[in-house]
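Starting from the structure of chain A, add chain B where the hints point.
Now for the letters of each chain:
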Amino acid sequence: MSPRRLFLLFAAGLATSAFALDLGGLSKALGSADKLKKGLETAKDAAKLVSGLGPEEERSLGDTVALEIIGRFGGLMRDEAAMRRINLIGGSLARYSARPDHPWRFGILDSSTVNAFSAPDGYVFITRGLYQMATDDDQLAAILGHEMAHITGRDALRIIETGEKGSVLMKQVAMRSGNAREAEAYLNQVGLNTEKIVKFLVDKGYSHPTEFTADHNGHALAAVTGYAPGGLRAVLIRLQQIPAGPQQVFSTHPPLTERIQRLAADAEAVPGTTAGRSAEKTGLSATEAVEKPSAPEADDDDRAFAEAAEKKPAKKKR
Amino acid sequence: MNPPLPARWWPTALLALMATLPLPAALSAGGTAYTKRLETSLLAEPAALAATVGKLPAGRPVKIAEVRGAWLRVSDGAAAGWVFGGNLSETQPAAGKGLGSMGLSASATTATAAARPLTPAADDYAARRNLTHARDDLNWLLAQCRAFTPAAVDTYLRAQKKGEYQ
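Sequence lines, in order, name chains A and B. Each residue of the first sequence is one higher than the one before, counting from 1 in the working numbering. Each residue of the second sequence is one higher than the one before, counting from 1 in the working numbering.
Next up, chain B with everything else stripped away, as it sits in the complex:
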């Protein structure tokens, strides 16, 4: 059995481990990234469970001060903190209501939104095109989506050690 790593090497080992985590190549110190979630937490440490020291809205440009593996220390004016690289975009997300843009209200982003009923237009389309079985299946899918809340996904990420929990 190997002797345990001396405590004084733990920070170095931690940094070495973090350096192996993936990060988009363009997100580097001195560069600019953009928040892409409706609310992005700035953390006190480069760790998923670290304390939140601030929050930024979507589409906000942030300066990258430091990179540690998959984590970036960013700042937006006086606000500064650590963000997982996967929560930032290299390019500014499209704004507005157009297709493909973020274009979402907070109320439209939950699992409830995913579990919404079929749109009346699609319902009508199914009736006209004799797609009633497909409509039933799609309604079943939409109802099933109620279970997959952001909290459920977060629990899964933690259990699987994915994303910021790597």
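Chain A with its partners taken away, still in its complex shape:
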């Protein structure tokens, strides 16, 4: 079999495997099987299939991942005042983000766990546990900024891209070795299904370097928008001081200590920020200025909150 025929067979396999696996509706957005196969007449078309995901596909993927996240975390908290607060804070951050004109959406998951998630197409979710933990707008902005940085950094989409690159690599392998069966098996293994993406986002989380980058970029976004840059650090310090319990606290994120240390370094490195102004006023270093005003000590209220968050049944406003 010629390399070209083998490649086309492989590309057709990609199309059919895309339908066999559940792409969370992506296959529907991409068109019917006939159209796909017709479009796979050349290697160029095949390449388009795997690398040409555009806004429409991002919307489908974003909606689908959002559905899974909402389904897993007890639904949305239908509190209009809270919705207004996070959407106005989030909207303010969005104005100065890398995607200022994108339609962003912010929601609160009705779960006592302490976590936040983002999904493609501008979805940002924060759990009720974490929302209640943020004591002011600066801290809430920092949390939202971190998740927004995952979206503007295309972090979730890199999962797909990794699959694409793997597929392209495997095509090359198949073309050289003539082992089409091996290539098909690989495709099934790296299938671009939504369940895998959600599992990655919700259960496993991003790599530590990716999280640190999101901390850094979210910190910068909050600062340029005018929120105190120590917000995220204050939240993390507060989380660190809460006694370990059955609740999941940022289970998909790197160790708190390292994140806090890196954010302190960020605060030192950003001149002219609110931290810098506070430092000038108080004579503290920028790091200290960030830490001192908004890093409450763990007290009885914290512990009571942590316990209550677990015991109290989800209050859903309908």
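Do not rely on the hints blindly, as some may be mistaken.
[What the hints assert, rightly or not] Computed footprint of chain B on chain A; a stretch qualifies when at least three of its residues, placed anywhere within it, have a C-beta under 8 Å from a C-beta of chain B:
hint	segment
1	58 to 70
2	96 to 105
3	198 to 205
[What the hints assert, rightly or not] Sample of chain A residues facing chain B (criterion: CB under 10 Å; computed from the structure):
hint	residue
4	GLY75
5	ARG78
6	TYR123
7	LEU221
8	TYR227
9	LEU256
10	GLU258
[Claimed, not checked] To spell it out: a stretch of chain B is covered by chain A in this simulated footprint if at least three of its residues, at any positions, have a beta carbon under 8 Å from a beta carbon of chain A; those stretches are:
hint	segment
11	34 to 47
12	117 to 127
13	131 to 142
Calculated from the structure, these hints are not laboratory results. Where a beta carbon is used, it is the ideal one built from N, C-alpha and C, also for glycine.
Frame of chain A, contents of chain B only:
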């Protein structure tokens, strides 16, 4: 009570205040920045409510002539004016339709777009995966987003003294 600041010191005080506002380190005089909004206004003064003297499309490289705190005086050919640093990018935004790129039409950028209905593919997915409650919640979220128009966000920024209103 302290005596009021003499009027002749007001410009100096204003400049000193502006110098404390945050600005990404890489955006400095002599450098290049890029517009990232679909439409970026060039202002006559480094103030959010100053008169608009020009507009630039997204992804346009601009030369930075001067920096005053969080504001930059930029030029693009004959067009010149002040822009809040947060409205510019240090790197050129990705163009085209690809994921993560700006890739938006003007009609897709409003709160109406944020309030769009669930995509048919996701709707179908919810039915197949027994996620009907999640679908209802997500539809509620999308409907709620109608209220958060760019104008509403702008009003909020002004009231809270955030962004270019700092």
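Notebook entry, point to check: Holds or violated: GLY75 of chain A as interface residue toward chain B, Cβ cutoff 10 Å?
Noted result: holds, 5 Å
Checklist line | Coverage assertion for the segment 131 to 142 of chain B with respect to chain A, Cβ distance below 8 Å, three residues required | finding: Contact hint for the segment 131 to 142 of chain B vs chain A: holds, 9 residues under 8 Å.
Next item on the list: Establish whether the coverage given for the segment 58 to 70 of chain A by chain B is satisfied; the threshold is a Cβ-Cβ distance below 8 Å, and no fewer than three residues must meet it.
Entry: Our answer is that it holds, as 9 residues pass the Cβ test (under 8 Å) against chain B, meeting three.
Next item on the list: Hold the hint about LEU256 of chain A up to the distance rule: shortest CB distance to chain B must be less than 10 Å.
Entry: Violated: closest Cβ of chain B sits about 25 Å from LEU256 of chain A, beyond 10 Å.
Next item on the list: For the hint on TYR227 of chain A, just tell me whether its beta-carbon gets within less than 10 Å of chain B.
Entry: holds, 7 Å
Notebook entry, point to check: Would you say the segment 34 to 47 of chain B counts as covered by chain A, given the rule of at least 3 residues with C-beta under 8 Å?
Noted result: holds (count 3)
Check: Taking 10 Å as the limit, does the beta-carbon of LEU221 of chain A come near enough to a beta-carbon in chain B?
Finding: Cβ of LEU221 of chain A sits 9 Å from chain B, so the hint holds.
Checklist line | Outcome, coverage hint (the segment 117 to 127 of chain B, chain A; C-beta under 8 Å; three residues) | finding: holds (count 8)
Checklist line | Assertion that chain B covers the segment 198 to 205 of chain A - criterion: three or more residues, beta-carbon distance below 8 Å | finding: Contact hint for the segment 198 to 205 of chain A vs chain B: violated, 0 residues under 8 Å.
Next item on the list: Between the segment 96 to 105 of chain A and chain B, see if three or more residues pass the 8 Å beta-carbon test, and mark the coverage as holds or violated.
Entry: It holds: at least three residues are needed, and the segment 96 to 105 of chain A offers 9 whose Cβ sits within less than 8 Å of chain B.
Next item on the list: For the hint on ARG78 of chain A, just tell me whether its beta-carbon gets within less than 10 Å of chain B.
Entry: Because about 6 Å separates ARG78 of chain A from the closest Cβ in chain B, which is inside the 10 Å limit, the hint holds.
Item checked: Hint check, GLU258 of chain A versus chain B [nearest Cβ-Cβ separation less than 10 Å] -> Because about 23 Å separates GLU258 of chain A from the closest Cβ in chain B, which is outside the 10 Å limit, the hint is violated.
The structure shown violates the earlier hints numbered 3, 9, 10.
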